[in-house]
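*Asks:* Quick one: dock chain against chain with the hints and give me the complex.
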Amino acid sequence: MNIYGDRGNVLSLARRARAHGFAPRVVEVNTGDPLPEQVDIVVGGGGQDSGQGRVARDLAARADEIRILAADGAPMLMVCGLYQLFGHRFVTHTGDELTGIGVLDVETRGGDVRMIGNIVLDSDEFGEIIGYENHSGNTRLGPGSRPLGRVAQGAGNNPDDGFEGARTANVIGSYLHGSLLPKNPALSDFLIGEAARRRYGSFDPVAGVDETVRRARESAKRRPR
Amino acid sequence: MRDVLSAVIGKTVRQAARLRGGGSALPGLVVEKLDPGFLSRVLGRLPYGVIAVSGTNGKTTTTKMIVEMLQARGLRVFTNKTGSNFSRGVVAAAIQECSLRGRLDADIAVLELDEAHAMYFIDRVKPRFTLLLNVLRDQLDRFGEIDTTAKLLQRIADATVEGLVVNREDRLVAAIGERTRERAGSASPAGRPEVREFGLSAALLSTFPSDDDFHATPLAEAAADDAPERPDADVTLVGLGDHEAVFRIEGEDHRTALKLEGLYNTFNAAAALATVRMALDAGPLPGRPARFRTADTDEALVAALAEVRPAFGRGEQLLLDGRPLELVLVKNPAGFRLGLASFDASGVDVMIAINDQYADGRDMSWLWDVDFGSLADEGVDTVAGTRAWDMALRLEHDDVPVGQVEEDLGRALASFRQRTLGEGEGEGARPRRIYCTYTAMLELRRALAELTDVEDIW
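Listed in order, the protein sequences are those of chains L and W. One point on numbering: in the numbering used here, the residue at position 214 of the first sequence is 298, and numbering is uninterrupted. One point on numbering: in the numbering used here, the residue at position 210 of the second sequence is 262, and numbering is uninterrupted.
Next up, chain W with everything else stripped away, as it sits in the complex (with noise of 0.2 Å):
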């Protein structure tokens, strides 16, 4: 009864809510209010129980591979795809895809879960899985420290039930893996939770620098190439190529194309596959049946990996008078590093958006530990957001030329625009791409909405 209540009051104040334009996570709150085990009770039904999805960096697009991975499978999924991770999101999103009796339509949640609010999340639902990507150093002025940051995953970790996929190769992720699998060993019994990796070929360990890298000198890398091979983790990216990769599971090698962008994309491809692989091992609830084929292979598995487009904003291609324009969200030191060396910086028209409004983090030292070397050959033509003087002054201490700074991002745009047009159109113009912070990426794209010949090409 209660979850008839429930659901009938959320969806009523999630019409209300949507009347007067208001936010999407206004229901949450009022079922939570009122009803504050409504949340744990709808997801507790689910037969395959909840995925939760943490770290700093790469979580909505992990969490669409593992929801779409899934659904290939023949899965029903239930989501946030708001993109609104805090735990009132959750249950909005439960409210307005529950039934009138309060029953979800699905077979298992895969949920993306903000380090911070993740705590309110797991005294509410224990995860039945989890995936721990990385503790990166970006909003390090709202949670302080890195360390506090691992600690907040470590808790997410000692929530989970049945399994656990951490990141062997984030230093701070490994170590809550190798404790979890210790707790594991002597407490329980059955142990619970199982622990299993994601990896990299010792080849490619330098082709992902981790912010603890940022100082080790070149040598480091040239070593790489002779650095002894470590076992196989559960599922191991071990080749990379243009939108290609190879990941090795179980000793055998699974070469893909791939529809996502940038090098993390690939690296967190092997964290969804190695999720979705430890859910399907586990298989349903007992007593719970659930839609799922027994037939398919970790082939197929892959196979559908290679389907899955980028999350909005994140390596998102937009068509601007007849050429390509890539949007690429940058929000900390490794990610942009990674971002300039994933993409080719010549024939390209640049522009870089720095904001620091809440979401982007207000502290802009990060800028200082991206290399923007290879930018020089080429420049950059608009330094664009709140923060541009601080962008332009980090890219002349890297001798990168700047063609304008503009702090408004509207006009920035529309300047960029001009002064790109250039010659061609369609096939063989000079393609634009933009480098953009959280909240730049999402000015960006209301103002390029509005421009008329805007089309979304994938």
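Only chain L is shown next, with the shape it has when bound in the complex (with noise of 0.2 Å):
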């Protein structure tokens, strides 16, 4: 799924482990498109509802071998409708159901207050998450996920609890779409790190967080909502 800016997360994905000392290659993995043979991050999107259907059948086909690169610690960032679908199911507000592939301890129902806005979380791993939520599904955690961030400013999973995003071993889920990788490059260490790690055993991070990313994040987080 394409739209809300993923691009984004990818460029800056790429950009990050470059700057890290990594050469990395994308490979776009379309619906039917087999995995290639060596995953060492996988990113994944939102989209509109129309097309989250397809993308809900091709990701069921392919669930197994999700499941075993994310037991075995590959790093994955989901954003928005692939957030969703990384959990149990997904209930839309006519009730038809959408099964997810259950990497992740959520489940999603479709709400009627839409959550739009400049969001801004804290977490204790990746300290300020900053970005920009637009979704109107309540996203609730089970006992095996963890929160990505409490939300400091913005609405977050569901409007009740306070809390964004998942992550379970080294899946993280969340609704910040479009430029969250590049104005937080700490989950792309993270993400790099863990692959790394996993591929070669350890990670030396070499890469700063420059004057742009500082004043692009401090400029969001004034922002209005």
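Everything labelled a hint here was simulated from the structure, so no lab data went into it. As the structure is a computational prediction, the values presented were derived from the model and not from experiment. Incorrect hints may have been included.
Unchecked claim - List time: in silico DMTMM-like cross-link candidates among lysine to aspartate or glutamate, alpha-carbon distance up to 20 Å:
(1) L:Lys305 x W:Glu459
(2) L:Lys305 x W:Glu458
(3) L:Lys305 x W:Asp460
(4) W:Lys203 x L:Asp142
Claimed, not checked - Covered stretches of chain W (chain L as the covering partner; in silico rule of three or more C-beta atoms under 8 Å from a C-beta of chain L):
(5) 417 to 427
(6) 434 to 442
No residue lacks a Cβ here, since even glycine has one placed at the ideal position from N, Cα and C.
*Replies:* Here's what the structure looks like:
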């Protein structure tokens, strides 16, 4: 699924990996395509409701493969639509049910309220996470996943519990789309670091945070919801 | 009698509002409260009825094209040219232009309808003809979902009485046309509303990528040359040049110069042509005489189109320090991508101003779906606006050098001007170009208006 600027996550992750001294290769996997033999990091995005059914069927067909990768510690970032489908199920507000692949212990129900706007999270591991949310799905976490962060400004997984995103092993799900990785290099570094450790046994970070990233984070944080 | 009362009250409120510097929609608000039927009565009397123009992008310029082509045919046209495309803005404009008896001195109304506020409008007035342009991806934080926007456009189509014109190349809008055609085929004995399309030749498809195509591989572009030619639409854009286009209408190619800027506007010109053709083919409603010259041809329509100038801020050209300054409005990835493709990046000093005010949309994700590689050679001199640093970060990812980043638009403009003064003036001097979001454009125009030597060269 390809809207809401998810391409930015891929661009930014590749750039950050290069800054750490790696030579990344980006492989697009569309519905029906086989996964490449060597998978280091998996990134998934969001799309309009009408595309979600097709993606759900495709995902179901490759569920075992993805579960094995996730259990093996492969880092993954799933945003919005694919965050929902990486959970157990997505029940739309009309009562239709899409079955997810259950890599994340979350469940989503379509809600009446659209949660839209600039959002800031606090996370013990990644510090302040800054992004933009746009979803009507209410996601709730089971004991098998912990949240990505606590909401400092915005809505998050649902209007009630003050958490955003989900994390099981090295798989992260989040409603923060588009510019999540460009403005949050700590998350890119987590994905790159886990991938490097899984493949090479170690990770020596060399890239720092540049001025442009710092200023983009600052101005985004100041903007109204 | 109600018409007279509403007209008088509306005009009085308008005077009062003007005295205290109030907004243009206030008289509309007051009259709508007192007389909810005012709009439908006033517009309901027009001999040619109402043309509605909707879609996410290009409404203002396309409306302007339709209006000016109809005027060239001798029709008196009422339009919401203040740019207030909400229903109250339409009522306010009607009050302003109608006589004290509450009669509008017009043959036809051409109204730009915002996708969301159109619902309020169509509850009161059924458009005789509707043009649906596109469902592009800006303003998602206002309407949530592309699919939701498409549903709103469907409702405008459903409210349309006589004729619908749709964009054949926009998947969601084309589907609305199909559904309308099926419905008309089965339900209505007259086959109303009639559905017509505007479109592109197969060879031009790759020049106008849709949001669906953003992740398509270059294969799609390579394949375009061999793509099978489809049947012509009512008006098909078949050729593009520098301020030039070729439109195919009923098998005949019409080549014309255009004063409009940008590929998008050229495609929207096909939309305007199809809409005007439909309205003129239908003629005035029975028993309502209108001032209409019947002898004109498609050739004459195209000639009228050639005279249309860009609407304010849409590829508008000003003169500053003796050299052209171009303002290019960008609101979404497809628009920005086309903006970059429409204007040569070499030999121009470039500024980009990105605001995230409510009217721009607060979501900056879309910048990541635009490829800025074409700016890499010459770089961008100045990046400005509330989200200047987001834009700078985006450019960094495409290895585009940035001269300076200054969030404050006034300071950014002054500095951009100083830094790019260069040597020559007048002929041969490097032109300047500013890509800007909607509210950035408004602010820049205000700032530019205060610079004494700014004049509109068109």
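*Asks:* Hint numbers the structure violates, sorted upward?
*Replies:* 4
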